[in-house]
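Line by line, the protein sequences give chains U and V. The numbering used here numbers the first residue of the first sequence as 1 and each following residue consecutively. The numbering used here numbers the first residue of the second sequence as 1 and each following residue consecutively.
Keep in mind that the hints were calculated from the coordinates and are not lab data. There could be a bad hint or two in this list.
[Said to hold, decoys possible] Taking lysine-lysine and the PhoX-like style, the derived pairs with C-alpha atoms no more than 25 Å apart in a straight line are:
#, chain 1, residue 1, chain 2, residue 2
1, U, K87, V, K191
2, V, K191, U, K149
3, U, K87, V, K263
4, V, K191, U, K124
5, U, K149, V, K196
6, V, K191, U, K125
7, U, K149, V, K263
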Amino acid sequence: MSEATATETTAPGSDGPMIEIDHLNKWYGSFHVLRDINLTVTRGERIVICGPSGSGKSTMIRCINHLEEHQQGSIVVNGVPMTNDVKRIEQIRRNVGMVFQHFNLFPHLTVLENCCLSQIWVQKKPRAEAEKSAMEYLERVQIADQALKYPGQLSGGQQQRVAIARALCMRPEVMLFDEPTSALDPEMIKEVLDVMIELAHEGMTMLCVTHEMGFAKTVADRVIFMDQGQIIEEAPPTEFFNNPRSERTQLFLSQILGH
Amino acid sequence: MTTDSTFRTQMIEAREAPDQSRGVLGWFRANLFNGPINSIVSIVVILLLARLVWPFLEWAVIDADWIGTTRDACTGEGACWVFISARFESIIYGFYPEAARWRVDIVFALLAILVAWLAVPRMPRKKWVALFTLVVFPIIAFFLLVGGSFGLEYVPTRAWGGLMLTLTIAVVGIVGSLPLGIILALGRRSKMPFVKGVCVIFIEFWRGVPLITVLFMASVMLPLFVPGELDFDKLLRALIGIMFFWSAYMAEVIRSGLQAIGKGQNEAGQALGLSYWQRMGLIILPQALKMVIPGIVNTFIALFKDTSLVLIIGLFDLLAIIRAGLTDSNWLGFSTEGYVFAAAVFWIFCFSMSRYSQYIERRLNTGHKR
Numbered sequence: 001m002s003e004a005t006a007t008e009t010t011a012p013g014s015d016g017p018m019i020e021i022d023h024l025n026k027w028y029g030s031f032h033v034l035r036d037i038n039l040t041v042t043r044g045e046r047i048v049i050c051g052p053s054g055s056g057k058s059t060m061i062r063c064i065n066h067l068e069e070h071q072q073g074s075i076v077v078n079g080v081p082m083t084n085d086v087k088r089i090e091q092i093r094r095n096v097g098m099v100f101q102h103f104n105l106f107p108h109l110t111v112l113e114n115c116c117l118s119q120i121w122v123q124k125k126p127r128a129e130a131e132k133s134a135m136e137y138l139e140r141v142q143i144a145d146q147a148l149k150y151p152g153q154l155s156g157g158q159q160q161r162v163a164i165a166r167a168l169c170m171r172p173e174v175m176l177f178d179e180p181t182s183a184l185d186p187e188m189i190k191e192v193l194d195v196m197i198e199l200a201h202e203g204m205t206m207l208c209v210t211h212e213m214g215f216a217k218t219v220a221d222r223v224i225f226m227d228q229g230q231i232i233e234e235a236p237p238t239e240f241f242n243n244p245r246s247e248r249t250q251l252f253l254s255q256i257l258g259h
Numbered sequence: 001m002t003t004d005s006t007f008r009t010q011m012i013e014a015r016e017a018p019d020q021s022r023g024v025l026g027w028f029r030a031n032l033f034n035g036p037i038n039s040i041v042s043i044v045v046i047l048l049l050a051r052l053v054w055p056f057l058e059w060a061v062i063d064a065d066w067i068g069t070t071r072d073a074c075t076g077e078g079a080c081w082v083f084i085s086a087r088f089e090s091i092i093y094g095f096y097p098e099a100a101r102w103r104v105d106i107v108f109a110l111l112a113i114l115v116a117w118l119a120v121p122r123m124p125r126k127k128w129v130a131l132f133t134l135v136v137f138p139i140i141a142f143f144l145l146v147g148g149s150f151g152l153e154y155v156p157t158r159a160w161g162g163l164m165l166t167l168t169i170a171v172v173g174i175v176g177s178l179p180l181g182i183i184l185a186l187g188r189r190s191k192m193p194f195v196k197g198v199c200v201i202f203i204e205f206w207r208g209v210p211l212i213t214v215l216f217m218a219s220v221m222l223p224l225f226v227p228g229e230l231d232f233d234k235l236l237r238a239l240i241g242i243m244f245f246w247s248a249y250m251a252e253v254i255r256s257g258l259q260a261i262g263k264g265q266n267e268a269g270q271a272l273g274l275s276y277w278q279r280m281g282l283i284i285l286p287q288a289l290k291m292v293i294p295g296i297v298n299t300f301i302a303l304f305k306d307t308s309l310v311l312i313i314g315l316f317d318l319l320a321i322i323r324a325g326l327t328d329s330n331w332l333g334f335s336t337e338g339y340v341f342a343a344a345v346f347w348i349f350c351f352s353m354s355r356y357s358q359y360i361e362r363r364l365n366t367g368h369k370r
């Protein structure tokens, strides 16, 4: 076991790795959910994380913006080490966008207001400027025509695209996707994946927890397989899918691709 | 293929619903007479209502006396509303000195304008009006009602009474208990043990004692413990007691709303970098409060009606002043008129609150699940 000590700080925005996770351990009570996770993500890298349910993949990416607290190890995001300090956490979160399985749009605000909220209150932008940049991102996810509707009036796929635009409005350097297509009807998955693929081609650093293996094959630089709270295997997609080394990965792939 | 008559080539136009399901008749048919048993029940209920309501109408309106100033005007079989009109001034102002009653008029006229401004969605500059109502208006109201400065005659609160006192207590109670309730509800859900503990103890204490006890403690017991020079106004003590008491209820109503908001909403706010107060103020509370509007207004209505309990500590609210009038030897035997009138006034205020809350609920309803 490693002694989890203070990590050296590199200057924010430097050329260092975007995310460094070092000997991360987390427990829910006595249940050991994350076991000695080590992961370095370089700038612009696109990573797909897969694994059976309960393997800790969501928990791991939720640790990156401190939606989950870890007990041991260190996380450094864009040169800023994660601590329990609220200001520090908020500073990191401003750089990290997140898209949730259930969209989590704010139902009492219109699509446009959803996208402006954090620009106005966190980045302190004037409303007009926030709206302009919100419309740009809504345009990019091809939903600008729905800007004045409420989330409940949109389909699941449209809502998820709004959620992506909302996260992008903060101009994050990393995007975390927590099973973004799992709650969608099959015919809507593609529209969301298309947006994600486009984002990947633009060089965004991305960590995606997903079961969309097609997406992994197309855009991932690295695929990570987790089981029981550990990283079992990490490899470029061709290697990962064609000759997985561990038995558990082989079993998982045969189950997920077999039908 | 297009000639195949099995398939429609054009959509059928939408048509209006049949006659029997529209209009007044349609409503009666659908709601009162939609089957033999329902029809019988409806007829019985309508007959019963007629038996009960008609005598009341006869008493209250048809046979009633309306005009006059003294008891001699009460000649009819029915109610004698002269009893009310003769003492209307004191029902409104209590013992407030006649020369200073214009001050009460100004305060409540101003309040009515401000409330109307805030209540009607079309009015502009809501933020400033709200700020004025919450910050400037109470100061104006205080100086006007209490007096004692700016050359205004000092009117001690024991001279306040009637509808004016009832409204004062209700407005202060409502305006004070809502924000306090919000803070307590948030505090009770806090992760900080101290904050949480304080809020839980506060809520459980005030919820656990009857309002009458609170008022008694405020008016009788507090002066026993608090040194004389710290002694403050009886009305103020009652107001604070009422505010604390109802804020505990309010806190639990609001907490139920907070609990109904999914964890994802807070997480989405966190992920966007919003601070705790921003998340609460911009995301969680607007949704939670909207959800519990019926509960909040329910508490407001209960508060409004329970203001009449202050009569037990010797404050003469609307009900107490009417009761006092019943003992006037010139006007013995008019208790029914008095209570019916008091009930009507309370009902009008409470019913208005209820209707407005329903309107607001419909208006805020973006109608869509999360």
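Task: Restraint status (C-alpha distance of V:K191 to U:K124 at most 25 Å) - done: violated (28 Å)
Open item on the list: Given the hinted pair V:K191 and U:K125, is their Cα-Cα distance within 25 Å?
Closed with: violated (31 Å)
Open item on the list: For a C-alpha distance cap of 25 Å, please report whether U:K149 and V:K263 respect it.
Closed with: OK: U:K149 and V:K263 at ~23 Å, within 25 Å.
Open item on the list: Holds or violated: V:K191 and U:K149, Cα atoms, limit 25 Å.
Closed with: Violated - the C-alpha atoms of U:K149 and V:K191 are around 35 Å apart, more than 25 Å.
Task: Restraint check for U:K87 with V:K263, where alpha carbons must lie at most 25 Å apart - done: Roughly 21 Å between the alpha carbons, so the hint for U:K87 and V:K263 holds.
Open item on the list: Need the status of pair U:K87, V:K191: alpha-carbon distance at most 25 Å?
Closed with: holds (17 Å)
Task: 25 Å limit on alpha-carbon distance, applied to hinted pair U:K149 and V:K196 - done: violated (38 Å)
Hints 2, 4, 5 and 6 from the list above are not met by this structure, while the remaining hints are.
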